[in-house]
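**Student:** Modelling step: build the complete structure from the supplied sequences, incorporating the hints.
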Amino acid sequence: MDISVIGAGHVGLVTGACFADLGHHVVVVDNDAKRISGLKRGALPYYEPGLDELVRRNVKQRRLRFTTSVREGVAHSTIIFIAVGTPQKASGEADLTYVENVARSIAESLPGYRLIVEKSTVPVQTGQWIARTIKTYLKKKHAFDVASNPEFLREGTAIQDFMKPDRVVLGVESRRAKQLLTELYKSLGAPLVITDMNSAELIKHASNSFLSMKISFMNAVAQVCERCGADVQQVAEGMGLDRRIGRSFLNAGAGFGGFCFPKDLEAFIKISEQLGYDFELLKVVRTINEQQKRSIAQKIQRALWVLKGKTIAVLGLSFKPNTDDMRYAPSIDIIEYLQGEGAAIRAYDPQAMAEAGKVLKRVTFCKTAYEAARGADALVVLTEWPEFQELDFARLKRVMRQPLLIDGRNIYEPGPVRAAGFRYLGVGRGSHEAH
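Residue numbers for the sequence shown follow our numbering, so the first one is 5 and each next one is one higher.
Derived lysine to any residue pairs resembling SDA-like cross-links, with alpha carbons at most 25 Å apart:
hint : residue 1 : residue 2
1    : Lys-274   : Ser-203
2    : Lys-44    : Leu-157
3    : Lys-312   : Arg-298
4    : Lys-287   : Gln-92
5    : Lys-267   : Gln-92
DEER-style ranges, computed between Cβ atoms:
hint : residue 1 : residue 2 : range
6    : Lys-44    : Glu-345   : 43 to 53 Å
7    : Pro-91    : Gly-193   : 29 to 39 Å
8    : Glu-104   : Ala-423   : 52 to 62 Å
9    : Glu-76    : Gln-164   : 22 to 32 Å
FYI, nobody ran anything at the bench for these hints, they're computed from the structure. All residues carry an ideal CB built from backbone N, CA and C; glycine is no exception.
**Tutor:** Structure follows, in structure tokens:
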């Protein structure tokens, strides 16, 4: 099929490259001329494992190309995916300016029938507004359909999530739209969940809000564990074996971040309010997440007594491993709290330091974990990068001023760390704390 994807961000670029790899002809459109110029040269705007090779291969095979022209994208395609940003307003609502602008541009360029598919995460009933906007700005009375196809791509595993999805959600309002999207996704062999557009839009927000709730629930349980001497890791294992609950997203830590969970949680709260329902449960999820970040910072402060004049090594800055994304990363709030108390920060992250430098000031960025740890009074892990599990603790101890480890993601077993001569503080690991 001939496809265009409007928006070359985390969702749009992965979507376009993956469709091209499935054999379709794809045009990726973005109004950022610098980004498009970079993509034409093979320079990706962000880090995602495997994406650079996927883009190169499909550009070489002439199945994938890039342009700044919406008109060119619309002319090329039968199916047009809208994958532009929906940033959060100060009120918590999603800003749909980019979505509306794209819908208007599509309408003004439409040469004949097209299926316009919202891929961006949008509030319920946005599909209806897209259809209304296109109808308003159509220059000629061409037929078109609008559908919803929410994305469930996780940064760091986005290609695998696209190619081997748990499900594909298709919110359609016509037989033609259903047939086109069913044919498009047939080769993936994934379960198709076919709904109306409103239900598809809600599935996305409800899914991310539920996962946020699981994380906040375990962080709340971790607080109880710290106060009674239980180990949240053991509690999570015992809970996760119940098939009704499942083990995923039951990891206590420094709180959730990234662009999706905080933004979608806030948007769902606002959507519910506008529909006349006070979603108090989600407000508590948000509160617990903010408290958890403060809890990690205060744990460090208690362990060092006075932060002023102390040096703290931070390992991991991105909101999760295998990405350079710093949006809403817990490390930002935690580092700023520590700096506010007078601590000096030395930091290392395998991929995110360039992005971190744009949002964090007065931080010494280091080339390795050992360089970050040199002269430090505490070592704090805030992102669970796999390489941190391979660290040489004897070497770390030699270069640090104090052998103190605050494990903000519970990636270590306390016993071996303590055996290496470290004082270990995890999250919710009351029975393992060595005060």
